[in-house]
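Asks: So you can see what is in the structure, the chains are spelled out below.
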Amino acid sequence: MIPITAVKQTALSLMDKAAIDIPDDYLNGLQKAADAEDGDLSSFVLHAMLENYQAAKEDRRAMCADTGVPRWYVKMGNEARVEGGPVALEEALRGATAEATDGVPLRPNRVHPLWRTDHNNNVGLNAPEIEYSFEPDGDWIDITTVHKGGLFGSDYRMLFPGDGIEGIKRFYLDCLVAFGKRGLACQPAIIGVGLGGSKDTTMVLGKQAACLRTVGDRNPDPKVAELEMELMELGNSIGMGAMGFVGKSMVIDCHVECGFCHTGGMPMSVHAFCLSSRRAVARVHADGRVEYRTDPNWFTPYMRRETVGWAPEAESLKKSV
Amino acid sequence: MGTGSGKLKKVSLNVPVTTEQLKDIEIGDIVYLNGVVYTAREGVYKRVLEGGESLPEGLAEISNANFHCSPAAARREDGHFDIGAMTGTASFRFSKWLDQWFDVSGAKIIIGKGGMTSEDYRNFFVPHGAIYLTTVGYGTGALLGRGIRGIRDVHWFDELGIAQAMWMVEVENFGPFIADSDLAGNSLFERETAKVNKGLAKLYEGTRAPALHRFGETNDRNDEMI
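Protein chains in written order, with my numbering: chain A, 1 to 321; chain B, 1001 to 1226.
Just chain A, with the same shape it has in the complex:
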């Protein structure tokens, strides 16, 4: 049984880490981009950002004052049991969000869309979002918090099979060019692309691809992996860098996730996870032990399964044929 106090304490600590510590994979990616960037202004911006991450870490202050809209991703091992059940788990995550908003402090960004009511704690109607996934075996839960900005850099479009890869590229470029001007997307960013699924799933997959996969990670489908590389290069050949200034660093990495969709369609979403790519992860074990990391490892082979049941041996047999 996973103690609920361990869940709450871990969640609080994750809120703090996400807001303050830039994940290493993104930091290394940005460092490489900064080394390669030759645009005067773009280069100045990237070096200022690198200095900013250092300042955040040293002072233990939020790296960006727009601390985004904090949300949660929970992956549960099939044998995991949380003390108090799912209701207690959600209360712990909502509680940690509220406490950390005051404690770090974060900006209380969440308001009612019409009345603009602000609880000053980032908790309200349908906020924070908590998404779940599951994993065979395992008596642990993985808790991930992502603090993504909420205004610019994402879009959705219904494409059709006839639009093809050329249509995918067009919409991808449209998003990057539109949101890249003046740097509204806060690039260079990890770009997530959702392809297929129902419309809502398209958006979810693209967002998860941007926020829950690390720089350098490739889709296990070699053709999708190739598309990821191609889209990354395409984004970096726009001639635009940080803040929309002339430059070549637009995309730190590109992740594509696919879902089966209606036979007549090819829905697509694009998401930019900004210069402050805030994510933090921990595994809480049944005995209360906690291990922190920055890779959510969200898209496991089980998550990407295509079959009715889960039989990893049969899967690997099928692939080797």
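Some hints could be false.
As the list claims (entries may be wrong) - Straight-line Cα separation of at most 30 Å, DSSO-like style, residue types lysine-lysine; simulated pairs: (1) Lys1010(B) <-> Lys181(A); (2) Lys32(A) <-> Lys1010(B); (3) Lys32(A) <-> Lys1007(B); (4) Lys181(A) <-> Lys1023(B); (5) Lys1023(B) <-> Lys1009(B).
Stated by the list, open to error - Which chain A residues face chain B? A few, computed with CB under 8 Å, are given here: (6) Ala48; (7) Glu166; (8) Cys186.
Quick caveat, the hints were computed from the structure, so don't treat them as lab data. For every residue, glycine included, the Cβ atom is placed at its ideal position computed from N, Cα and C.
Let chain A serve as the given structure and place chain B on it in line with the hints.
Replies: Chain B alone, transformed into the frame defined by chain A:
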């Protein structure tokens, strides 16, 4: 600052500034501020410009630098305010209030994310002898946080909440910012965008327009989308 910034000119300004002190600022200059800056965005603009409420007494003598921003801040139990980081929010949304805001507030510097159009600069900024400074990145929130020396005052805290309240912030070596406009109304962002635009046609070669269009691609609502 790291490499790549060698060719950029650095300027330090004391707030309140005079238009005279802004005349040497060129677009692309790196600017740091000392003195007091205040936050004001839609919440404050609506109260003052649409609701007719008064600004704090003698605002322009204390500060004429308006930051489009909400801080990451909290009020502690003893009543004092704790600010960790500050980051600009996109300014283009506030265009409709700015002309009147300059008249009422006496602002000479607007700080925010992403600048405004050069049309706004010519129509609103130039007549008021004001310039626009953009934040860097965006999201050098921690660096800006380091430049904060204290909170002088917070107005409309209870009415508007943390994000929309007017924060009067004492700052020193507060930056970096980049000058997007000058007193003539030129825009750095528009200059850079024009350069990027030159490569776009070639970039789009080999892509395909989608079968299904949508409004925005045409503004004639009588058009079909197929």
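Asks: Compare the structure with each hint and give your call.
Replies: A quick look at each hint next to the structure:
1. Our distance criterion of 30 Å between C-alpha atoms is met by Lys1010(B) and Lys181(A), whose separation comes to about 24 Å.
2. With a C-alpha separation of about 26 Å, the suggested pairing of Lys32(A) with Lys1010(B) holds against the 30 Å cut-off.
3. Only pairs whose Cα atoms come within 30 Å are accepted, and Lys32(A) paired with Lys1007(B) is accepted, the gap being roughly 21 Å.
4. As the CA atoms of Lys181(A) and Lys1023(B) are separated by approximately 27 Å, the hinted pair is consistent with the 30 Å bound.
5. Straight-line distance between C-alpha atoms of Lys1023(B) and Lys1009(B) comes to about 14 Å, which keeps the hinted pair within the 30 Å bound.
6. For the restraint placing Ala48(A) at the interface with chain B, the shortest Cβ-Cβ distance is roughly 5 Å, inside the 8 Å limit, so the hint holds.
7. For Glu166(A), the shortest C-beta to C-beta distance to chain B is roughly 4 Å, which falls under 8 Å, so the interface hint holds.
8. Interface hint status for Cys186(A): upheld, as the beta-carbon distance to the closest one in chain B is roughly 5 Å, under 8 Å.
The structure is consistent with each of the numbered hints, conforming to all of them.
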